[in-house]
Amino acid sequence: MKIFKPFEELKSINRSTILSGWLIMLISFWVACSFGETHLFPTPSQVLAGFKSLWEAGLVVHIGSSLWLCTKAVLISVFISMVLAYASSIPAVKPTGTFITKLRYLPLTGLAFYIAILVSDARWIQVWVLVAFMTTFLTTSLIAMIKDIPEVEFEHAKTLGMNRWEILWEIVIKGRIDYVIELVRQNLAMVWMVLVTVESILAAAGGLGFLIKNNDKLGDSGKVIALQIIIVIIGLTLDFLLTKIRKLIFRYSNF
Amino acid sequence: MSYKVTNTLLYLDKVSVGYPYRDGNGKEQINLILKDVSLVEKDIIRDGFDSTGQIVAFIGRSGRGKSTLFKALTGLIKPTSGKVLITDMSTKAVDDAKEVGEGDVGFVDQKYTLFRHKTIYQIFQYALKNSTLSKADKESLINKYLSDWGLEEHKDKFSCELSGGQRQRTAIIEQMLTSKHFMVLDEPFSGLDVGNIEKVKLAFNRISNDDELNTIIFSTHDIPLAVELADSIYIIGHPEGVTDYSTIVKHYDLKQMGLAWTPYGEGHRALVKQIKEVVLNS
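Residue numbers (my numbering), protein chains in the order written: chain A, 40 to 294; chain B, 872 to 1153.
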């Protein structure tokens, strides 16, 4: 049986059959776990009702609020991370970037405390907590990306008589801009995951995090699972779009 | 064929290259790769020819320091001791030499590294960025190279969209456009099919005929090809009784031997045998 052999190439019909099989198993598992006295999940009909109810309660506004919060945080942290990572190629500034990468072990709660002291507006506290979180991880990824640039590319630039600033601009910044989009895509998944925690800081601003926390408190598991599904779908859509955008803008970006 | 040698173009004076490392006791030591490499290459003028560039080949077994020597030749690494001198093209004075620095010598590595985010046309434009030519002249020069080297229809392609041969030609032109007379090519024939090898040979001829001072330095494991193309061949390897560093163990001046610029024949075949013997013993 080909489908049980490692590294076998399958026809698309076979791949679709395998995928359908797994989906059926997943749904069956869900259904099986949603009945009985001590059921694990809400039933599919409860989740559907949850969707309907959330939609009627203005789900789109909350999605918009979460996306806007995420966008602001991502843009700021991409800017800070790029500056820190590119500057880390300068020996005198390198320790700054390295220090920021170590901060990724700092708990979010600790970070939120210091940000709350510095920022008075609650919505901006959320933004800056996300920024602080994403910046540490994105800077780490960007510095690793720069480190991974093959030595031959730098040597090639040197043989063309380029000075060190030209090398930084052409090889590292311009030459790897598509990698930045890819790293943002990877780190966005983490930001999207902690969004729930961060949005619970300020209930008045709404958002998917507020909704999920609120419904969790009320014990409405149908809505909680519906929101989980929505969060996953939006996350996957963002992921897909960033890959598409990268490939569309940068034809040479073939990874 | 009558010829005369004039000014010194390339001069290596007892060049040694090593990399520092720490031994078991934490003491810094030098891992010597090359020791006392010396050579002189002069400008060749052939009677009846407008320009005759120099073609120098380096042959040696793997791990004998050819790539390290090329990095020293191109100014990418500083020799631990000794000097690499080239003709200073910025002065009009004859025999004016300078120590080689980054950007003085063109280098085409084994992978034909190019900018990944530029098309062929943009690569050539960038290579000419410091040129004093007018915009129109730059464009016409680029178009001439594209057409002469069979890259016209690929000018809007990125490096990842090119074949190995196209990449190599692009890398060679890019270095030529930066107005360098010295070009080092690390194993330019490795992995190429028969057709592409012929194209590289043509490229060598073009570079050589382009300017009197043009000097191609290349390494190869293909001894017959080196004998066919080069007018000077250096064998790099371990000297007798030594295994921890390499140096030039033999030099063949094909001009003096009457084998340069002549059709491949019996003399070339005999030299191939000799070189093979020397390479195997070094």
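Any given hint might turn out to be false.
[What the hints assert, rightly or not] Below, computed lysine-lysine pairings styled on PhoX-like, alpha-carbon distance capped at 20 Å:
#, chain 1, residue 1, chain 2, residue 2
1, A, K197, B, K1121
2, B, K885, B, K949
3, A, K213, B, K1028
4, A, K286, B, K1009
5, B, K1026, B, K1015
6, A, K197, B, K982
7, A, K197, B, K949
8, A, K197, B, K1028
9, B, K989, A, K286
10, B, K1000, A, K213
Bear in mind the hints are in silico, worked out from the structure with no lab data behind them.
Hint-by-hint comparison with the structure:
For the hint linking K197(A) to K1121(B), the alpha-carbon distance of about 31 Å lies beyond 20 Å, and the restraint is violated. In summary, the hint linking K885(B) to K949(B) is supported, as the alpha carbons are separated by about 13 Å, within the 20 Å threshold. The suggested pairing of K213(A) with K1028(B) holds, with an alpha-carbon distance near 17 Å, which does not exceed 20 Å. Only pairs whose Cα atoms come within 20 Å are accepted, and K286(A) paired with K1009(B) is rejected, the gap being roughly 31 Å.
For the hint pairing K1026(B) with K1015(B), the CA-to-CA distance comes to about 12 Å; that is within 20 Å, so the pair holds. At most 20 Å may separate the alpha-carbon atoms for a hinted pair to count; K197(A) and K982(B) meet this at roughly 16 Å. For the proposed pair K197(A) and K949(B), the alpha carbon gap of about 14 Å is at most 20 Å, so the pair holds. Distance hint between K197(A) and K1028(B) is unfulfilled; the C-alpha atoms sit about 23 Å from each other, more than 20 Å.
Of the supplied pair hints, the one linking K989(B) and K286(A) holds, its CA atoms being roughly 15 Å apart against a limit of 20 Å. Among the hinted pairs, K1000(B) with K213(A) is consistent with the structure: their alpha-carbon atoms are about 17 Å apart, no more than 20 Å.
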